[in-house]
Every structure is written in C-alpha cells, then in structure tokens.
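Generate coordinates for the entire structure from the input sequences, incorporating the hints supplied.
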Amino acid sequence: MVKIGVCGPVGSGKTALIEALTRAMSTDYSIGVVTNDIYTKEDAEFLCKNSVMPRERIIGVETGGCPHTAIREDASMNLEAVEELHHKFPDIQLMFIESGGDNLSTTFNPELADFTIFVIDVAEGDKIPRKGGPGITRSDLLIINKIDLAPYVGADLGVMDRDSKKMRGEKPFLFTNIRNKEGLDRVIGWIKKYALLED
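Last residue of the sequence shown? That's 199 in full-length UniProt numbering, and every number before it is there in order.
In short, the hints are calculated from the structure, not lab data. We put the CB at the ideal spot given by N, CA and C, even for glycine. Don't take each hint at face value.
Claimed, not checked - Taking lysine-lysine and the DSBU-like style, the derived pairs with C-alpha atoms no more than 30 Å apart in a straight line are:
#1 K131 - K165
#2 K49 - K131
#3 K166 - K127
#4 K88 - K41
#5 K127 - K165
#6 K181 - K166
#7 K193 - K166
#8 K181 - K49
#9 K193 - K88
Stated by the list, open to error - DEER-style ranges, computed between Cβ atoms:
#10 G189 - K165: 14 to 24 Å
#11 E170 - P54: 36 to 46 Å
#12 E56 - K131: 32 to 42 Å
#13 V153 - H87: 40 to 50 Å
#14 G125 - E182: 16 to 26 Å
#15 R186 - V153: 31 to 41 Å
#16 D185 - H86: 22 to 32 Å
#17 K131 - P90: 38 to 48 Å
#18 V153 - T27: 20 to 30 Å
#19 P151 - K88: 24 to 34 Å
#20 E73 - R130: 20 to 30 Å
Set out below in structure tokens:
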C-alpha cells in the first residue's frame, strides 16, 4: 500500500483534488481516504457525498487542535485510521491522507505518508512559491491550483513557474485547475510513475 499525503492551505483544493483522483482512479485501483479537520468531519462528508468511493472507504479524523500536529508530531490518530481502513480492506493499493488546512510549513510524518503532494492556489498570490517553507521546497509534488483565477487576482503564472523552479530545484510541480480537470492527467501520471512505480 502506498500512502500519499495531501496538504496545503485552507481552500487550496486538497479535497477537490482527492475527489477528482479517486473518481479517475478507483476503477483501476483499490483506494482508501483519511481526511483531517479540526472540529468537524466536513471534508470526509464532502467526499462521501461527491465521490464515487463507498462511504466505508473514507474516514474523517477530528484533530481537535493544530492540524499539522496530527500529521507530524503526533500522528497516532491518523495512523490508527490508516490501519483501520487497511484492516477492513486489505487490498488497498493507494491511501490518500488529507491534512487539515495549514500553512507553508506543513509536512507529514514519514510513518504516515510515503509521498507528499502540497497544494497551493494562485488566489494566494504569485509570491507564494518564493516564500518557501517545507511544503513548497520539500514536497514530492507541488500543485499550483486554480490557474483560471490568475487574471482576476493579478497572479503571474510565469513568475510562479520561475520561482517554483528556483525554490524546488529538480523537484516537480504542476499547474492545475482541478475544478475542470485541467492538469489532472499529469497528476495521475506522476502518481503512477513515482508512487506506484508504473511506466
């Protein structure tokens, strides 16, 4: 089982990304999802209503506090949720773990996630990639989402491209508009090649 952590600021498109990935990949792969929210199970409920996945393959964790603590310093609640899903469905090949919305310093405990996808959106401004932080510089894949909003918020995608290359070196990043599936195929291609080791 490959565990992919998906993190990023509130509203960047993490849940929408997971919904789109599960919709596109669930016919070919056995998938489980763990979501994190501070005081609710909002993201899990959204996925249960909108995803093609059965409800029993989705677990919502209420962290009750700082969202990055539950995926990094004390990941016990999330590790238990992953184990519960894997026990129920031993055939799971791909597990998505969504962090609660957090800042640019979010990282996953290596016991919890084998790979990390960090999601930002252009509405936060084209300065976000150059601000750095572990989410920008260390994630296995950086997704710059909601590119359709760039002209409305004055974000320059060329600047974001340049700064992402500078901050990430050889590490990959992708521009997407998950809402209309633009770039989704490239995200799936990355998962298949680097996480699932397919060609």
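Each hint, compared with the structure:
{"no.": "1", "hint": "K131 - K165", "result": "holds (13 Å)"}
{"no.": "2", "hint": "K49 - K131", "result": "violated (35 Å)"}
{"no.": "3", "hint": "K166 - K127", "result": "holds (13 Å)"}
{"no.": "4", "hint": "K88 - K41", "result": "holds (20 Å)"}
{"no.": "5", "hint": "K127 - K165", "result": "holds (13 Å)"}
{"no.": "6", "hint": "K181 - K166", "result": "holds (27 Å)"}
{"no.": "7", "hint": "K193 - K166", "result": "holds (24 Å)"}
{"no.": "8", "hint": "K181 - K49", "result": "holds (19 Å)"}
{"no.": "9", "hint": "K193 - K88", "result": "holds (27 Å)"}
{"no.": "10", "hint": "G189 - K165: 14 to 24 Å", "result": "holds (19 Å)"}
{"no.": "11", "hint": "E170 - P54: 36 to 46 Å", "result": "holds (39 Å)"}
{"no.": "12", "hint": "E56 - K131: 32 to 42 Å", "result": "holds (39 Å)"}
{"no.": "13", "hint": "V153 - H87: 40 to 50 Å", "result": "holds (44 Å)"}
{"no.": "14", "hint": "G125 - E182: 16 to 26 Å", "result": "holds (20 Å)"}
{"no.": "15", "hint": "R186 - V153: 31 to 41 Å", "result": "violated (23 Å)"}
{"no.": "16", "hint": "D185 - H86: 22 to 32 Å", "result": "holds (28 Å)"}
{"no.": "17", "hint": "K131 - P90: 38 to 48 Å", "result": "holds (42 Å)"}
{"no.": "18", "hint": "V153 - T27: 20 to 30 Å", "result": "violated (36 Å)"}
{"no.": "19", "hint": "P151 - K88: 24 to 34 Å", "result": "violated (46 Å)"}
{"no.": "20", "hint": "E73 - R130: 20 to 30 Å", "result": "holds (27 Å)"}
Consistency note: the structure conflicts with the earlier hints numbered 2, 15, 18 and 19.
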